[in-house]
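Go by the hints and put chain B onto chain A.
Protein chains in written order, with the working numbering: chain A, 19 to 201; chain B, 19 to 201.
Honestly, the hints are just simulated from the structure, not real lab data.
A portion of the hints provided could be inaccurate.
Copies of the same chain are indistinguishable here, so a pair counts whether it falls within one copy or spans any two.
[Stated by the list, open to error] Under the rule of at most 25 angstroms between Cα atoms (straight-line distance), these lysine to aspartate or glutamate pairs were calculated in the DMTMM-like manner:
(1) LYS136 to ASP112
(2) LYS136 to GLU36
(3) LYS136 to GLU174
(4) LYS136 to ASP114
Being a predicted model, the structure only gives us computed values, none of them experimental.
Protein chains: 2
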Amino acid sequence: MGRWEPNARGRMRHAALELFAERGFEQTTAAEIAERAGVTERTFFRHFTDKREVLFAGTEQLQETMVERLGEASVARPLDAVVAAIADAASSIDLDLARPRSAVINANPSLLEREALKMVSLARAAAETLRERGVPDPAATLAAESGVAVFRAAFEVWVGDPEPTRLADRIQEALGQLRATLG
Amino acid sequence: MGRWEPNARGRMRHAALELFAERGFEQTTAAEIAERAGVTERTFFRHFTDKREVLFAGTEQLQETMVERLGEASVARPLDAVVAAIADAASSIDLDLARPRSAVINANPSLLEREALKMVSLARAAAETLRERGVPDPAATLAAESGVAVFRAAFEVWVGDPEPTRLADRIQEALGQLRATLG
Chain A
19 MGRWEPNARG RMRHAALELF AERGFEQTTA AEIAERAGVT ERTFFRHFTD KREVLFAGTE
79 QLQETMVERL GEASVARPLD AVVAAIADAA SSIDLDLARP RSAVINANPS LLEREALKMV
139 SLARAAAETL RERGVPDPAA TLAAESGVAV FRAAFEVWVG DPEPTRLADR IQEALGQLRA
199 TLG
Chain B
19 MGRWEPNARG RMRHAALELF AERGFEQTTA AEIAERAGVT ERTFFRHFTD KREVLFAGTE
79 QLQETMVERL GEASVARPLD AVVAAIADAA SSIDLDLARP RSAVINANPS LLEREALKMV
139 SLARAAAETL RERGVPDPAA TLAAESGVAV FRAAFEVWVG DPEPTRLADR IQEALGQLRA
199 TLG
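Only chain A is shown next, with the shape it has when bound in the complex (with noise of 0.2 angstroms):
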């Protein structure tokens, strides 16, 4: 990978937000993005299997972090160690890029079905951390289950607020919620 690629990616990621916002996600072409990031296609296709990709690789790099931090992290109390391991993962997700996937998936039912399988996805992922740290099913899976509903509520949330605030006070607030849901 060529050393100016990291930014090549930022940019295709702007490049294809833009044009699901101006034309719509099915109307758009993986050539398309390419052109206006500046790149090939064939570098396109290097970074992302298809455009639906575009929107799903940083879910991806999520899963990843939060399975590291989980990994490391106490899990004396499995439902705050899912949730701060997610809130630390989601840290680095920025607002501006946030909005505008939200609305391209929101207006696509097969999106929406493919965003759902990643939440499955994660919350699959941090149960069996959970369990290899020692942590017996089904406490692991209602732990993970429970805590990834938490970040999900807490997104809606933090992409919908009009003017930008921290995703990370949106979690806390979320976390109280079912404190006080289940209390």
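Same frame as chain A, but now just chain B:
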């Protein structure tokens, strides 16, 4: 629909699970399911879109019944309401069908994906019903997703129990474990 058909539907579900266990899901055709159930292929396709849907017809029914129960229940404690509505809807699930069904699904990644999406749909329906009943978001989403997580964790334990147990008991245990996780 002829008066004998509810019975035919049950026979098709049994026949499908038998064949999936004997030959594998991919290797079984709708025609073979119809033949073993003693119905015509036309009857099969009047009941099910394809062989995959034989496995998920019960989940659609579960969702409908859950929405109905949740629409009538007190939602002062939203998570308890979701769990009670799912437990009520799930009380008619037959363990002798649930066990081979889980075995088929766990052996096929595409069926696991489908099952995951059905659970996402179940959670969305529960959240929507809670919102209609006046529970605001994110409390509605959190209660719905955690309630479905409780159900799924309990279901896994239930189908894996060497001796038959009551699903309702497993659900109450899982709810207790979620409370303990949040403690």
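In ascending order, which of the hints set out earlier in this document are inconsistent with the structure?
The structure breaks none of the hints.
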